[in-house]
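*Asks:* This is what each chain is made of:
2 protein chains.
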Amino acid sequence: MRTDFTSWTATHQSRFEEVLRVVLPSPDIAPQRLHQAMRYAVLDGGKRVRPLLAFAAGELAGADVARVNIAAAAVELIHAYSLVHDDLPCMDDDVLRRGKPTCHVQYDEATALLVGDSLQTLAFHLLAEHSLCDEPKQQLEMIKLLATATGSRGMAGGQAIDLASVGRALSLPELESMHIHKTGALIRAAVLLGAQCGTVSSERLSMLDHFGKCVGLAFQVVDDVLDASSDTATLGKTAGKDADNDKPTYVTLLGIPAARDMARNLHAEALAALAEFGDEALRLRELADFIVLREF
Amino acid sequence: MRTDFTSWTATHQSRFEEVLRVVLPSPDIAPQRLHQAMRYAVLDGGKRVRPLLAFAAGELAGADVARVNIAAAAVELIHAYSLVHDDLPCMDDDVLRRGKPTCHVQYDEATALLVGDSLQTLAFHLLAEHSLCDEPKQQLEMIKLLATATGSRGMAGGQAIDLASVGRALSLPELESMHIHKTGALIRAAVLLGAQCGTVSSERLSMLDHFGKCVGLAFQVVDDVLDASSDTATLGKTAGKDADNDKPTYVTLLGIPAARDMARNLHAEALAALAEFGDEALRLRELADFIVLREF
Chain X
1 MRTDFTSWTA THQSRFEEVL RVVLPSPDIA PQRLHQAMRY AVLDGGKRVR
51 PLLAFAAGEL AGADVARVNI AAAAVELIHA YSLVHDDLPC MDDDVLRRGK
101 PTCHVQYDEA TALLVGDSLQ TLAFHLLAEH SLCDEPKQQL EMIKLLATAT
151 GSRGMAGGQA IDLASVGRAL SLPELESMHI HKTGALIRAA VLLGAQCGTV
201 SSERLSMLDH FGKCVGLAFQ VVDDVLDASS DTATLGKTAG KDADNDKPTY
251 VTLLGIPAAR DMARNLHAEA LAALAEFGDE ALRLRELADF IVLREF
Chain P
1 MRTDFTSWTA THQSRFEEVL RVVLPSPDIA PQRLHQAMRY AVLDGGKRVR
51 PLLAFAAGEL AGADVARVNI AAAAVELIHA YSLVHDDLPC MDDDVLRRGK
101 PTCHVQYDEA TALLVGDSLQ TLAFHLLAEH SLCDEPKQQL EMIKLLATAT
151 GSRGMAGGQA IDLASVGRAL SLPELESMHI HKTGALIRAA VLLGAQCGTV
201 SSERLSMLDH FGKCVGLAFQ VVDDVLDASS DTATLGKTAG KDADNDKPTY
251 VTLLGIPAAR DMARNLHAEA LAALAEFGDE ALRLRELADF IVLREF
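Heads up: the protein sequence lines correspond to chains X and P, in order. Final position of the first sequence in my numbering is 296; the numbers increase by one with none missing. Final position of the second sequence in my numbering is 296; the numbers increase by one with none missing.
Careful: at least some of the hints might be erroneous.
Computed list of lysine to any residue pairs in SDA-like fashion (alpha-carbon distance at most 20 Å, straight line) [claimed, not checked]:
| hint | chain 1 | residue 1 | chain 2 | residue 2 |
| --- | --- | --- | --- | --- |
| 1 | P | LYS137 | X | GLU141 |
| 2 | P | LYS144 | X | GLU129 |
| 3 | X | LYS137 | P | SER131 |
| 4 | X | LYS137 | P | LYS137 |
| 5 | X | LYS144 | P | PRO136 |
| 6 | P | LYS137 | X | GLU135 |
| 7 | X | LYS144 | P | CYS133 |
| 8 | X | LYS137 | P | HIS130 |
| 9 | X | LYS144 | P | LEU20 |
| 10 | P | LYS144 | X | CYS133 |
| 11 | X | LYS137 | P | LEU20 |
| 12 | X | LYS47 | X | ARG204 |
| 13 | P | LYS144 | X | ALA66 |
| 14 | P | LYS137 | X | PRO136 |
| 15 | P | LYS144 | X | SER26 |
| 16 | X | LYS144 | P | LYS144 |
| 17 | X | LYS144 | P | HIS267 |
| 18 | P | LYS144 | X | LYS47 |
| 19 | P | LYS144 | P | HIS130 |
| 20 | X | LYS100 | X | VAL49 |
| 21 | X | LYS144 | P | ALA66 |
| 22 | P | LYS144 | X | PRO25 |
| 23 | X | LYS144 | P | GLU135 |
| 24 | P | LYS137 | X | CYS133 |
| 25 | X | LYS213 | X | ILE180 |
Now the stretches of chain X that chain P is said to cover, found in silico as 3 or more residues with beta-carbon under 8 Å [stated by the list, open to error]:
| hint | region |
| --- | --- |
| 26 | 31 to 37 |
| 27 | 133 to 145 |
| 28 | 264 to 273 |
Derived from the structure by calculation, the hints contain no laboratory data. Every residue gets a Cβ at the ideal spot worked out from N, C-alpha and C, and that includes glycine.
So here's chain X without its partners, still in its complex pose (with noise of 0.2 Å):
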């Protein structure tokens, strides 16, 4: 019999705790502050929704989970790297980060910055030692697949497009694609990674990106709607940031009534997208669940 979502949850998430342990570099190895800082930034924290999401995609594609374990590690490096930067004084300012102190506070700024990007290079490099496909050139595509959510034309873009956004009024467009860029593009990149470590067809794999997109944007919607809503002790995080910054959200554009409308319209977009599948996409489903229908 099947466990249940719970147990499912939680047995993925502490065998993948191991997996980040194991692949980022030993605290004793110089230069060891760095390399404590890299494991402060990364390990003990957040639910591992990306993760989670690849090794959904995986089985459903029938993977080695041997092989998504370094694909989700891969991008959870990416996203680690991206909290670190982003809460930087430059960036967003933040003292708080899964219920700690962010990185530059519990260390220091410029280590921070190096912790940031050595996260990144290590989710590159780990892709590109470990085999995650029998093809060294779709593994080729997998990378490059993970460097375009990351990028300029990804996440970072994403960033930049934020950054140019405080104190100005977006449309929903606009706002929309933002976030497909800063959260989406690597919530996409997940399940097509997670999936692609396995046997898919392209028809399906559209399914799953379209799938990827509707939970990425949803993630996104629901975080504001969290962000306006609740208090800083259930969020682990500064609540009531982005309105005291003056930031564009789904929530001062739509007002928290149509923002949920919203989360809960492409939560059910998302499960239309998976409508081909059978049983084998019970995990994705149940995570769109998850991920949209949280305390909100």
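Based on these hints, arrange chain P on the given structure of chain X.
*Replies:* Quick look at chain P alone, frame taken from chain X:
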């Protein structure tokens, strides 16, 4: 008849500038400001020492120049990213680079942070996107090589050791270890990647590796001498900074005459590493002269 070194260098430098213009995202593509800043940080500056080493090693190995272009561009983008981040206020806090305002002065700190991040990503993107050699499996090895040279056990690790060394007396072996990581790793990678775009035996690759190691370290020793003995206008960056920042250098540790001797010895060792090669290593020898014997 073979062109002389000056023409060879000038031809490759101007050709390579065009390569960089093509691989960098167009300034008209969104996010425009980020893309403009990426181009500002990379184009129209520097002697392109690392690319020249890659081209020389590529010629020696009979590599297709279109392939070496990509490898050289990846290395140069990593180098440019490291300069942008090193110049940030939380690191060296420098205002002048290659005779121009540094990226965060010309734009702003947040943009400079994203510029460095995005240049790094673009380097790996290029190596995954284009064909560098006949075997995709070897191409994965080349990506891994650049990642090793770039990350926490390479260039970024050297930066971390550098941070930790401020105001502290380093021994000569400690200083050497710092620079082998901080400057040397990427110079070695340039030589090796250039050669691996063509065909070269593992014995010869080891010799080239040793050549790269000696040249990389010599490069830093010469830099230290120039920093202590030149003025800002000649350098195109702020002179005398290392001493002002209380950073250990070969000059503070050995004095200028002994540092010059060390550079000359490393130069001789670099040439000795090429002893097995004939005329096909001419450009590498000339580059060793160019790097070590510049006006110091």
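*Asks:* Evaluate each hint against the coordinates.
*Replies:* Right, here's what the structure says about each hint:
no. : hint                   : verdict
1   : P:LYS137 with X:GLU141 : 12 Å, holds
2   : P:LYS144 with X:GLU129 : 6 Å, holds
3   : X:LYS137 with P:SER131 : 10 Å, holds
4   : X:LYS137 with P:LYS137 : 8 Å, holds
5   : X:LYS144 with P:PRO136 : 13 Å, holds
6   : P:LYS137 with X:GLU135 : 9 Å, holds
7   : X:LYS144 with P:CYS133 : 17 Å, holds
8   : X:LYS137 with P:HIS130 : 11 Å, holds
9   : X:LYS144 with P:LEU20  : 19 Å, holds
10  : P:LYS144 with X:CYS133 : 17 Å, holds
11  : X:LYS137 with P:LEU20  : 25 Å, violated
12  : X:LYS47 with X:ARG204  : 27 Å, violated
13  : P:LYS144 with X:ALA66  : 19 Å, holds
14  : P:LYS137 with X:PRO136 : 5 Å, holds
15  : P:LYS144 with X:SER26  : 19 Å, holds
16  : X:LYS144 with P:LYS144 : 14 Å, holds
17  : X:LYS144 with P:HIS267 : 38 Å, violated
18  : P:LYS144 with X:LYS47  : 29 Å, violated
19  : P:LYS144 with P:HIS130 : 15 Å, holds
20  : X:LYS100 with X:VAL49  : 19 Å, holds
21  : X:LYS144 with P:ALA66  : 19 Å, holds
22  : P:LYS144 with X:PRO25  : 15 Å, holds
23  : X:LYS144 with P:GLU135 : 17 Å, holds
24  : P:LYS137 with X:CYS133 : 12 Å, holds
25  : X:LYS213 with X:ILE180 : 7 Å, holds
26  : 31 to 37               : holds (count 4)
27  : 133 to 145             : holds (count 8)
28  : 264 to 273             : violated (count 0)
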